[in-house]
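We have chain A already, so just place chain B on it with the hints.
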Amino acid sequence: MKSLKFLIPLALFGVLALFLAAGLKLDPREVPSPLIGKPAPAFKLTRLDDPAALISRDDMLGKVWILNVWASWCVACREEHPLLVQFAKRKLVPIYGLNYKDVRADGTAWLARLGNPYDASLFDGDGRVGIDFGVYGVPETFVIDGKGVVRLKHIGPLTPEVIRDRIEPLIKSLNT
Amino acid sequence: MPSYRFASLRTVWLLCAFLLVGTGAARAGEAAPAVEDPALEARLVEVTAELRCLVCQNQTIADSHADLAVDLRNQVREMLRRGDSREQIIEYMTARYGDFVLYRPPLKESTALLWFGPAVLMLGGLVVLVVVLRRRAKLPDESFEADDDAPGQNPAADGPTS
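Just so you know, the protein sequences line up as chains A and B, in that order. To convert, note that position 165 of the first sequence is 165 in this note's numbering; the numbers rise steadily by one, no gaps. To convert, note that position 141 of the second sequence is 141 in this note's numbering; the numbers rise steadily by one, no gaps.
No lab work stands behind these hints, which were simulated from the structure alone. None of these values were measured; they are calculated from a predicted model. Warning: the hint list may mix true and false statements.
As the list claims (entries may be wrong) - Here are the simulated BS3-like cross-link-like pairs (lysine-lysine), alpha carbons at most 27 Å apart as the crow flies:
1. A/Lys-25 / B/Lys-108
2. A/Lys-63 / A/Lys-91
3. A/Lys-38 / A/Lys-91
4. A/Lys-38 / B/Lys-138
5. A/Lys-147 / A/Lys-89
6. A/Lys-5 / B/Lys-108
7. A/Lys-91 / A/Lys-172
So here's chain A without its partners, still in its complex pose (with noise of 0.2 Å):
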């Protein structure tokens, strides 16, 4: 057995190592969000293309949507704005936006040039209900059941992994 101490120190690296590779994978960027399974905050809204259109969290109720928060002057969102339009040819579920700390006028212009993958979105110029929502860095996307209880949340772009693997299976498990 004594001839084996000369290992320990060994060892302690493995298990050393283990724990900075862990680390390595952990994004402290991904704050947990204390939504998720508690009901969506309250929110009632004006349309971006409609200041005069309000929406409400009530109007949503009984079907399972998207919340997609984005802004025109979101560098990230523009990355993921052309998966999130083909995402919305699929027609799977409602999908709003919530136009975050923008100006209307920018925030429309960029759905024309772009393409707009919304059913809606709601205008949040003050960013209180982005706030409400724990919104921390934009685009963040949350997935609402019909109770309206989120379900999930992603920070930052989506990817096509994110979608295939947590949104898709999500939405299909919740719909059925």
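For chain B alone, kept in the frame of chain A given last:
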């Protein structure tokens, strides 16, 4: 050259005087603080200094210039003005952003390692240290090399740890 020296000293004094006047004038020219209610601002700093900004995660909401931090400060200011307590504000923040916003996270199962980890590590270190020292104390003198600096001296005089 005493006179020259005197002159240079006087220059220094003059400079000092100018500097003093200068800073005084600069201070006089500064804008008056923009807050109507310094007590409220003090409370605001007190509360937001405990909250982590989510955009630049190593800054407090009181320190950060990120857009979101400015919005959250405004939100907290409004809540304070409304008469909300510190607890209500902390609750408001954690309901939206989770325990992550707290620089002093609450003690619960998921944070136990965070709270006790350092103490456990330190205790472990101390135990190892004591064990090693005890084992060394029991070793005979011959197992230590003689001290190079003092040839001929009994190594035991320096104690077993030398």
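Status of each hint after checking the structure:
Straight-line distance between C-alpha atoms of A/Lys-25 and B/Lys-108 comes to about 25 Å, which keeps the hinted pair within the 27 Å bound. At roughly 13 Å between alpha-carbon atoms, A/Lys-63 and A/Lys-91 fall within 27 Å of each other, so this suggested pair holds. Between A/Lys-38 and A/Lys-91 the alpha-carbon distance is near 26 Å, which keeps this suggested pair within the 27 Å criterion. Restraint check for A/Lys-38 and B/Lys-138: the C-alpha separation of about 62 Å exceeds 27 Å, so the hint is violated.
For a cut-off of 27 Å, the pair hint linking A/Lys-147 to A/Lys-89 stands: about 25 Å separates their Cα positions. Distance restraint check for A/Lys-5 and B/Lys-108: the Cα-Cα separation of roughly 38 Å exceeds the 27 Å cut-off, and the hinted pair is therefore not satisfied. Distance hint between A/Lys-91 and A/Lys-172 is fulfilled; the C-alpha atoms sit about 13 Å from each other, no more than 27 Å.
Consistency with the previously given hints fails for numbers 4, 6, ordered from lowest to highest.
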